[in-house]
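Each chain sits in its own coordinate frame; assemble them with the hints.
Note that the protein sequences, when read in sequence, are chains A and B.
Going by the numbering used here, the first residue of the first sequence is number 2, and it counts up by one from there.
Going by the numbering used here, the first residue of the second sequence is number 43, and it counts up by one from there.
Wrong hints could be hidden among the right ones.
[Said to hold, decoys possible] Only some residues are given here: those of chain A computed to face chain B with a beta carbon under 8 Å:
1) D38
2) V40
3) L44
4) K64
5) A65
Treat the hints as calculated values from the structure; they're not laboratory data.
In this text, a Cβ means the ideal position worked out from N, Cα and C, and glycines have one as well.
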Amino acid sequence: MLVPEMLKYTEEHEWVAVNGDIATVGITDYAQGELGDVVFIELPQTNTSLNQMDAFGTIEAVKAVSDLFAPVSGTVIEVNSKLNNAPEFVNKDPYGDGWMIKIKMNAAAELNNLLTAEAYKNKIK
Amino acid sequence: MFKKLIFEMGSNGRSGCSLPKIDVPEVNISQLIPEKFQRKKAARLPQVSEFDVVRHFINLSTLNHHVDKGFYPLGSCTMKYNPKINEETQGLKGFSALHPHQPDATVQGALQLLYELAEYLCQVSGLAAVTLQPSAGAHGELTGLMMIKAYHEAQGGNRKIVLIPDSAHGTNPASVTIAGLQAVQIKSNAQGLVDLEDLKAHLNNETAALMLTNPNTLGIFETQVAEISRLVHKAGALLYMDGANLNALLGIVRPGDLGFDVVHFNLHKTFSTPHGGGGPGAGPVGVSERIRSFLPSPCVKKEKHGFTRTCEFSESIGKVSAFYGNFSILVRAYTYIRMLGATGLRQVSEGALINANYLLALLRDFYDLPYTRTPMHEFVLSGDRQKKFGVKTLDIAKRLLDYGVHAPTVYFPLIVSEALMIEPTETESKETLEQFADLLIKIAQEAEQTPELLKEAPVTTPVSRLNEALAARNLNVRYLFSD
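So here's chain B without its partners, still in its complex pose (with noise of 0.2 Å):
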């Protein structure tokens, strides 16, 4: 098995590439870079040849589960297949060589893009306006909260509080708080609904807005959303849709019609862009009539003679990404679209809402399911019933990983006990569902005979379970020199 770092393979001097013998007058350091910001000691870097770092990186990727090698049913992060033409779009030499500060003239395609991705993505809403430079979910979060907050200063109000029901995703709470907001959590009723008598004992003057996700957690549409949002702007405040469950509702309901006044999308969910191993991604942001003089800064506009990028609002909350957003993601959302058109699109959203329902059907003889109301793209089983004989929904994920498949979302959201958050995509076939099933009932058929078999679970993984707590404990995530 593979073991060492990178930082342990090579020897002494072994390098990558030899350069050429310097042909330009050769200018001291201290010249160009000040005394304080210069390096004291020389970088310690892998000392490896081209072949080394090839050959650690492809044995590493190998031990990898991704979505190219298998079933990924990961809830509420909707791992659908990435089509290969997205990666052939935005290696194109007219969008991958280009520098931001390239005059307008020299990139009017990549203007003509942005704009068009803006004018679809408010088109799937039912939006009026678009901004594509959050670099992801919850950074498209935060840009919504900090309109929302600039909207009420504008109106004179102090508006702080933002009203959060206990199905949603953590970010939310997470991004009012580092928006300078106080979130304050709403119950879900007994059918996995917002608990409307509890909205209405919580809105007030103070109320800022609502974040709904719709559908919810749960992968269940909202039903009541259109007295939701009549009480909400009642109150004077605004109407958020969190967009990570849009992929459920593309072609079939625009977020804007229902009432939402801002809205992020996650291009990686909905709109088939990779999963970033910490990025990049990209999370636009949707808005109503009433917030668009907030929008961040610059964005494409299109004049007679051409696209140009001297689009400005006159309430604008200012820049929240450099230049214009992650750009190549965005060729691939683009491309996503324009590959599926309208019809396409609706398509994807049938298909991930009977691909769920089939998956769901074929499992809820074998595992508890707390919120029964017929759920779109995804469902939430509990494991309840398996932990009566000791085994945990950790347990059971655990297991599905010696079956080659990757866990579902587990322990969220946190109204369901033993939580399992199943999300099989619209890009998975019928045989890969019902193989699927059939891996979680031979579990919860284990759960109930050989239990410990779960407990010691995974035993075929490159690594065996490991340690959280005490990765989250100690964390070490720095190499430390033998001498």
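Bound conformation, chain A alone (with noise of 0.2 Å):
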């Protein structure tokens, strides 16, 4: 089960990776594993703001469907539409090929209150 440290979590299973006031976002290794199969990705429109923790998606897997939360506030700038024809990068490399969408961060403060990598292996432990 991979949990790069470079990484911040959700408790929802989200992580993001910041480079600068961008913020990349996808689900992790583990929820992929839990969710199984990915069939079909959700994904919002660029410009789409978002406030931390709304949804902003949905994922549909073999078992289950389930909500997307954005990690940070801010507006979506570049969407992965790779992931529509192909939602099995998210099985098969969730941290690289299956990241979803890019947020500009508007309250980077927030990257605080999510799990390090640390926090989030004891979680799922």
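Here's what the structure looks like:
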């Protein structure tokens, strides 16, 4: 089970990678394993504004449909459109090609109330 | 093995029937149907004989699992035996050869049946009135929610929020959304019951209703239902019961007495009508006195000279189905109720409770039971213990198919990890329950000792393990002709 050290995590199993004021968001390796094979992902339009922990989309796997939650507030500036035709990237490479959206953050301090890799590992133990 | 599609059988020009020579004047099709609606190319129907068709579908049917063939403990679905007398009565010419536009005077028996079935459902549920129109459980949910919405609008309120416990069936939030309302989730507590504090925190002047399944999807009776009813009504909201599990309550508890305003009945679960492969079904809805005037019109009315279809409701939401619902399904449910009577119906629920609890007693040492309150007609185990050996609940379910029984419902309710939701129903014998328990115990041992066996399962079924994700990603339901 991969839980990269440099990422932050939500209680709902999203990860976030920060580069300047841009946050890249996806779901964790644990989450994709629990969901099983993903069949469909619904993502927002660019320019959608989100508050922290707003549902920004849905993910449908063989087992269940779940909401996706924004780890930070801001505006969606890019969406991984490859997932439309190849949702399996979320299973194969959750921290790489399986990324979902990029958010231009407007409250970077929110990062402090996310989980560290250590805390997330404890959560899923 | 049987592999061909019906389109791949037969030969050019072969047909199942030969029509006699036409003995009336031929009419040009354009006189009857406008040009734009006419087919440009001939329909490419299978070109097969009657015998080809019979053999094709009989062969297909032997590949299926069904309740007449083997045990089918699919939790929440209530796969009980469908008595064959139901088929006999619905096939009576006086029921099966009717046209819905026949004058009332010529269909008195059918109208009496509809009238009495609605009466019986009122008696079973303790509610004031019932509509038989909805065509399935989820359609019943939608109908109930439309009435709730209309009720609040008539009160001059703007209530859009419907509260739904996190253990609910997925149809609940889906029906809420389709009805133009908004679903909000309520937590379950450690015992698997509605978390009253969370409920209180969500109830306000925007709440339209709480949708509650009782017993809930863990098979556990919501013991706080009286307090829930008081809180919901005090907030000005209505209480909806998803009747999916009504088969646990017959003759024991009446939803109307618990304070429910709207209840839908799944006739295919509680009242032994067939679980259609897509239909037809029936999902009648019962309502309390204050919702009565919103029921779909028309319904059957009893008058001095007989039964009529003139009954209209003053604030009706309108029709929700063509004519009066799926009539032949209603005949089956009526037959079931009349065959059993009040005492028999209570025995149905008692039998369902005893069977489920006996099966649980046989299994609880071998699988985890996250919610330990005594269940009613079904129970939910967890495959967490087996997961430690790398075996998922899906593998356990697939392995059961190898032994000729249907798998339980898996991964539902969502509040149980690796869930196995088991509902034996009252129509199974003690021996069948014991054989099934032995199988699940054997599989638990296999999970520990030979987990690879489970991951490859099933191996004895007509098709081996299917790639469910691929089927959903690349949906292919249309035959492509080679030319």
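| field | Hints not upheld, ascending by number | value | The structure breaks only hint 3.
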